[in-house]
Amino acid sequence: AQKITQTQPGMFVQEKEAVTLDCTYDTSDPSYGLFWYKQPSSGEMIFLIYQGSYDQQNATEGRYSLNFQKARKSANLVISASQLGDSAMYFCAMREAPFGSYDKVIFGPGTSLSVIP
Amino acid sequence: EPEVTQTPSHQVTQMGQEVILRCVPISNHLYFYWYRQILGQKVEFLVSFYNNEISEKSEIFDDQFSVERPDGSNFTLKIRSTKLEDSAMYFCASSDPRGLVQRMETQYFGPGTRLLVL
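Which chain is which? The protein sequence lines are H and B, in order. Throughout the first sequence, residue numbering follows the numbering used here, covering 1 to 117 in sequence. Throughout the second sequence, residue numbering follows the numbering used here, covering 1 to 118 in sequence.
Heads up, some of the hints might be wrong.
The list that follows gives simulated cross-link-like pairs (lysine to aspartate or glutamate, DMTMM-like), each with its CA atoms no further than 20 Å apart [as the list claims (entries may be wrong)]:
#, chain 1, residue 1, chain 2, residue 2
1, H, LYS3, B, GLU59
2, B, LYS57, B, GLU85
3, B, LYS42, H, ASP22
4, B, LYS83, B, ASP62
5, H, LYS16, H, GLU61
6, B, LYS42, H, GLU44
7, B, LYS42, B, GLU59
8, B, LYS78, B, GLU53
9, B, LYS83, B, GLU18
10, H, LYS70, H, ASP55
11, H, LYS3, B, GLU56
12, H, LYS3, H, ASP29
13, B, LYS78, B, ASP96
14, B, LYS42, H, GLU17
15, H, LYS3, B, GLU18
16, B, LYS57, B, ASP86
17, B, LYS78, B, GLU68
18, B, LYS78, B, ASP63
With the C-beta cut set under 10 Å, the calculated list includes, among others, these residues of chain H facing chain B [said to hold, decoys possible]:
#, residue
19, MET45
20, TYR50
21, PHE91
22, LYS104
23, ILE106
24, PHE107
25, GLY110
Honestly, the hints are just simulated from the structure, not real lab data. We put the beta carbon where it would ideally sit given N, CA and C, even for glycine.
Full structure from sequences and hints, please.
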């Protein structure tokens, strides 16, 4: 079963507009972390933002914020004031902490974002 | 800002040959990982490594794969006899132990090694 779902394979946004990339996850563990990574066409994987399952407030990092809705198991990434350099693949990822298996990060299929001038 | 580095950036090899992919994790990190991403597909976990031993591995990480920390800075992934389906981008990652209580350390990724098996 899919642990991380990203329902938008591709998205377009006008430069300077905000965009929301969707992510839903599935876990029965009460302790987990959620991550967003950016992968530009050059291929590297760039960490953007982290949200812990026990964090009371939504995470923010500059123009990135995470809309964390725990009951709905969603962790959407919001990019404000899009820039041309934001065009990339975006991966939502989760790290569970079940007993004996706490190391790996599970990635979603990704959303390709294109910023239009 | 410290970063994970990987060499080579690209590697082309013949099927059946051995390859060694090299990584230098961030210096104060203690947990190390390898992931791979077949072209156009999602990133898949291969193996995690802590305290000089494998802490977890996926079903992809069979007997053809091995990892090693030969010295205090390098972390290597060896593929003993490459197959066509090993062609992928291989990412090394490392994380900081300070999040130990919840084990929620962020993993920082290297730029990847693009492996092509012919």
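Structure-based check of all given hints:
Proximity of LYS3 (chain H) to GLU59 (chain B) is assessed by CA-CA distance (about 17 Å); at most 20 Å being required, the pair is judged to hold. With a C-alpha separation of about 18 Å, the suggested pairing of LYS57 (chain B) with GLU85 (chain B) holds against the 20 Å cut-off. Restraint check: the Cα-Cα separation between LYS42 (chain B) and ASP22 (chain H) comes to about 16 Å, which is no more than 20 Å; the hinted pair holds. Proposed proximity of LYS83 (chain B) and ASP62 (chain B) is supported: the alpha carbons are some 12 Å apart, at most 20 Å.
Annotation: proposed proximity of LYS16 (chain H) to GLU61 (chain H) holds, straight-line Cα distance about 17 Å (limit 20 Å). With a CA separation close to 14 Å, the supplied pair LYS42 (chain B) and GLU44 (chain H) stays within the 20 Å bound. Between LYS42 (chain B) and GLU59 (chain B) the alpha-carbon distance is near 16 Å, which keeps this suggested pair within the 20 Å criterion. Under the criterion of a C-alpha separation no larger than 20 Å, the hint pairing LYS78 (chain B) with GLU53 (chain B) is consistent with the structure, at around 15 Å.
Between LYS83 (chain B) and GLU18 (chain B) the alpha-carbon distance is near 10 Å, which keeps this suggested pair within the 20 Å criterion. Proposed proximity of LYS70 (chain H) and ASP55 (chain H) is supported: the alpha carbons are some 10 Å apart, at most 20 Å. Restraint check: the Cα-Cα separation between LYS3 (chain H) and GLU56 (chain B) comes to about 18 Å, which is no more than 20 Å; the hinted pair holds. Of the pairs offered as hints, the one joining LYS3 (chain H) and ASP29 (chain H) holds, with about 12 Å between alpha carbons and a cut-off of 20 Å not exceeded.
Our distance criterion of 20 Å between C-alpha atoms is broken by LYS78 (chain B) and ASP96 (chain B), whose separation comes to about 24 Å. With a C-alpha separation of about 27 Å, the suggested pairing of LYS42 (chain B) with GLU17 (chain H) is violated against the 20 Å cut-off. Between LYS3 (chain H) and GLU18 (chain B) the CA atoms are separated by roughly 33 Å; this puts the pair beyond 20 Å, and the hint is violated. At roughly 16 Å between alpha-carbon atoms, LYS57 (chain B) and ASP86 (chain B) fall within 20 Å of each other, so this suggested pair holds.
Simply put, LYS78 (chain B) and GLU68 (chain B) have alpha-carbon atoms about 8 Å apart, close enough for the 20 Å limit, and the pair holds. For the given pair, LYS78 (chain B) sits about 10 Å from ASP63 (chain B) by alpha-carbon distance, which is consistent with the 20 Å threshold. Because the smallest distance between the Cβ of MET45 (chain H) and any Cβ of chain B comes to about 4 Å, under 10 Å, the interface hint for this residue holds. Contact between TYR50 (chain H) and chain B, as hinted, is supported at the beta carbon level, the nearest pair being about 5 Å apart and thus within 10 Å.
A least Cβ separation of about 7 Å between PHE91 (chain H) and chain B falls short of the 10 Å threshold, and the interface hint therefore holds. Against a cut-off of 10 Å between C-beta atoms, the interface hint on LYS104 (chain H) holds, since the closest Cβ of chain B lies about 4 Å away. A distance limit of 10 Å between C-beta atoms decides the matter here; for ILE106 (chain H) the minimum to chain B is near 7 Å, and the interface restraint holds. With a least beta-carbon distance of about 4 Å to chain B, the hint placing PHE107 (chain H) at the interface is held under the 10 Å criterion.
Because the beta carbon of GLY110 (chain H) sits about 6 Å from the nearest beta carbon in chain B, less than 10 Å, this interface hint is met.
The earlier numbered hints that this structure contradicts are 13, 14 and 15.
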